[in-house]
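The numbering of the sequence shown is our numbering, which starts it at 1 and goes up by one.
Misleading hints may appear alongside valid ones.
Capping the alpha-carbon separation at 27 Å, the derived lysine-lysine pairs in DSSO-like fashion look like this [to be verified]:
1. K657 to K245
2. K104 to K173
3. K19 to K327
4. K378 to K419
Estimated spans, in silico, between C-beta atoms of each pair [said to hold, decoys possible]:
5. P181 to K560: 17 to 23 Å
6. S622 to E12: 26 to 32 Å
7. R421 to F517: 47 to 53 Å
Bear in mind the hints are in silico, worked out from the structure with no lab data behind them.
Since this is a predicted model, take the numbers as computed values, not measurements.
For glycine and all other residues, C-beta sits at the position ideal for the given N, C-alpha and C.
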Amino acid sequence: MAMSVHTQKYLEYKQKGLKPDFQTINNIENSKLIFFTKLFATVALLDKEVTEEEHSYVLEFYWMNYPDNIAFYLFDRFHDYVNQKITIKSFEHSDYAGISYGEKFFILLKIFEFLNLQTNERLKLETGKKISEILGIEIVDLEMAKEIYTTGFVPRSKHLDSKIKYLYVSDEKEASDIYLPFQDLRAILFNVDKFCFMIKADAGSSVSTGNFSLKPMTAFSMPYGSNVIINDYFIESEDIKLYLKIKYSLYPDKEFFVNDMPDLIILEKQKKGFSIARIVFHGCKIIITPLDRNTIISVNEKDMEGDVFVNVNDFVKVNESYINLRKLKYQEFFDNEYIKLERGKAEYVLSNRRSADIYISDSSEHTWEGRIILKEGKYYLNTGNCYHPVWIIRDNADTQINRQTGIFGHSVKKEKRFKLRGNDIIFIQGNVLKFNLEGGLFEKTYFRYITYRAENLEYSFKDKTKAVDGVSCEIDHGDLVCIMGPSGSGKTTLLKILCGMIKPQKGTIHADNFDFFEYYEKIKRFISYVPQDDVLFENLTVYENLYFNAKLRYPKLNEKSISERVLSVIKEIGLLPKRNFKVGTESERILSGGERKRLNIGLELLSDSNIYFFDEPTSGLSSKDSEKVVEILKKLAVKGKMIFAVIHQPGYKIFNKFNKALVLDHGGKLAYYGSTYSALQYFRQCSRYDSYISDLSTKRDDPDVLLDTLEEPLRDVDGSVLPERKFQPEFWQKRFFEH
1 MAMSVHTQKY
11 LEYKQKGLKP
21 DFQTINNIEN
31 SKLIFFTKLF
41 ATVALLDKEV
51 TEEEHSYVLE
61 FYWMNYPDNI
71 AFYLFDRFHD
81 YVNQKITIKS
91 FEHSDYAGIS
101 YGEKFFILLK
111 IFEFLNLQTN
121 ERLKLETGKK
131 ISEILGIEIV
141 DLEMAKEIYT
151 TGFVPRSKHL
161 DSKIKYLYVS
171 DEKEASDIYL
181 PFQDLRAILF
191 NVDKFCFMIK
201 ADAGSSVSTG
211 NFSLKPMTAF
221 SMPYGSNVII
231 NDYFIESEDI
241 KLYLKIKYSL
251 YPDKEFFVND
261 MPDLIILEKQ
271 KKGFSIARIV
281 FHGCKIIITP
291 LDRNTIISVN
301 EKDMEGDVFV
311 NVNDFVKVNE
321 SYINLRKLKY
331 QEFFDNEYIK
341 LERGKAEYVL
351 SNRRSADIYI
361 SDSSEHTWEG
371 RIILKEGKYY
381 LNTGNCYHPV
391 WIIRDNADTQ
401 INRQTGIFGH
411 SVKKEKRFKL
421 RGNDIIFIQG
431 NVLKFNLEGG
441 LFEKTYFRYI
451 TYRAENLEYS
461 FKDKTKAVDG
471 VSCEIDHGDL
481 VCIMGPSGSG
491 KTTLLKILCG
501 MIKPQKGTIH
511 ADNFDFFEYY
521 EKIKRFISYV
531 PQDDVLFENL
541 TVYENLYFNA
551 KLRYPKLNEK
561 SISERVLSVI
571 KEIGLLPKRN
581 FKVGTESERI
591 LSGGERKRLN
601 IGLELLSDSN
611 IYFFDEPTSG
621 LSSKDSEKVV
631 EILKKLAVKG
641 KMIFAVIHQP
651 GYKIFNKFNK
661 ALVLDHGGKL
671 AYYGSTYSAL
681 QYFRQCSRYD
691 SYISDLSTKR
701 DDPDVLLDTL
711 EEPLRDVDGS
721 VLPERKFQPE
731 FWQKRFFEH
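My request is simple: use the sequences and hints to build the entire structure.
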């Protein structure tokens, strides 16, 4: 029998006498890895000898999860315990102390996998039960583990009282939590105390996470923040959090109607005579039903019929109008918190204490407290000793919130009592409390802008050269827009106009319904700009660069909150292993170019802004580093942020991370703005270069095709290139405006 790659590497390791250093060995010996290794040895000895199959399983497990020297050291320790004839009776509490419940359940799943290599069914069950008792696994979770390895899925009717949260992903419309139309698909995503792992139960589907492809019936620990890819379909890590919240909060179904108004399609919660489709949020699933025989529902550019099951990642149109499902779902299930008004309760405490009825997070070291009081059938707000400005917004509610200043609203002073009306809105420290007396509840959400619109922007340099010429665009909750175009087409200038660094000579920008430049001083704290160049301190560590930036931004934040925020950002940008490394100069190469770029982005992530602007975030990076950087932007967008990024010649993978593309031509003329799904099709529509695009598109080089088509040169009769373009910028500008 031919040796596996792992076995060959192990033998090479033994021959060279390679070992981890003393400190690494000491860390391993005092970690949960040794407990895991003892368990493997115990199970392998059930039938008195270790088979070749068991050897391969243990070696592959270590090799897949740890660096070679650590993997092979652990394999040697496995042999040590086998030679010692270790048994279950030899385990002590100290062996597994400090292991979280989620990790214990994951260990149990791995043991069940390993037990499946045994032939004695009675021994399998007895050993599985004994190990679960050692680990302190609850009976309901032991039954779940047994059921998974017996049937390949977890029935929805059971296990709701378990500590283990999970999502069942399959092609079964009723049984699944997440429905995907891939034949015989069965996969389970687990989450316990932020520890995530998954199992692929079927053999036919391609499932991967963290750059690892899953084998059938093999539990895999998911790296922090990793996405799941099923047959090229992405499930974002942030969406997994959303799905888990929806499933375990037991939200009722929610229904929306797509209403067809003259020149406008709007979403409302009431069905009307001109409703053309119904959207139902049923658990984690989204179902769209046409209500008119002429209604056309398209999903990812494919027309569908009947009830259509979709997910937040899908690009959905109803009669050519884009439906932002992510925005709908996040606003209804993720962004909002509901506080029910209890009958007979005389007051509700409003405070920055977590135990308050209505908790307002401000990370301050000083506690404050206000109250909403019921007296003689009327509700009153008393701000108590709250040191934050408090505004009551009344009438024209959306306008008041967005202005942030209480214009047309009422400022409530300390220790003053203010009578509340039925639909009043309280604005405090970035929190919006909608007081719904008729519905008997408060709806709490965090303030954010939800649309950003630029119209007919124009800007010329001092020498009268046009930099931006008639550019319009609009972005929404969760939009990730790449700004593309030839060198010198005005991409960076446009970005600086959009973020407020340059004021256009013509045109307007609105955040929601408010003039961006008129209210810039109020709006600017909700936006972040990341320049192309470094803004790092070379003599500080990764952690210190972020820490001191946070101290400057938030002088009132306590140390614990600053530290938590900094560590959270370090995780998001994937620099946790290098948090204590000095940044150094670019020539010193302490951090790679990609790591420096991610750290620059991290400085702005501290702000938790609403709208982000990135100037060439992938410039000078390798394709792999570029993908990591754009993945950070994608995760921001999935959280509902609105993002513009200037991107120079993105590859296929990077281009497809964006959901919208803005293409500029020379002179800052707008050649295209719309979905990345439709971009190539748009350029194909001109028949004279249709075959040219078709030939190139087979190379999966779609973004290059767009720019190549934009600047396609004229050719002489002999085919030689002439110093002139086939289509001038005015052609593309006119064509898009007429489109």
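Evaluated hints:
1. Of the pairs offered as hints, the one joining K657 and K245 holds, with about 25 Å between alpha carbons and a cut-off of 27 Å not exceeded.
2. Of the supplied pair hints, the one linking K104 and K173 is violated, its CA atoms being roughly 31 Å apart against a limit of 27 Å.
3. Our distance criterion of 27 Å between C-alpha atoms is broken by K19 and K327, whose separation comes to about 52 Å.
4. A hinted pair counts as satisfied when its Cα atoms are at most 27 Å apart, and K378 with K419 qualifies at roughly 7 Å.
5. Range check, P181 to K560: Cβ separation about 46 Å, and the 17 to 23 Å hint is violated.
6. Remark: the range hint 26 to 32 Å for S622 to E12 is upheld by a beta-carbon distance near 29 Å.
7. Between R421 and F517 the CB atoms are about 34 Å apart, so this pair departs from the stated range of 47 to 53 Å.
Going through the hint list in order, the structure does not satisfy hints 2, 3, 5 and 7.
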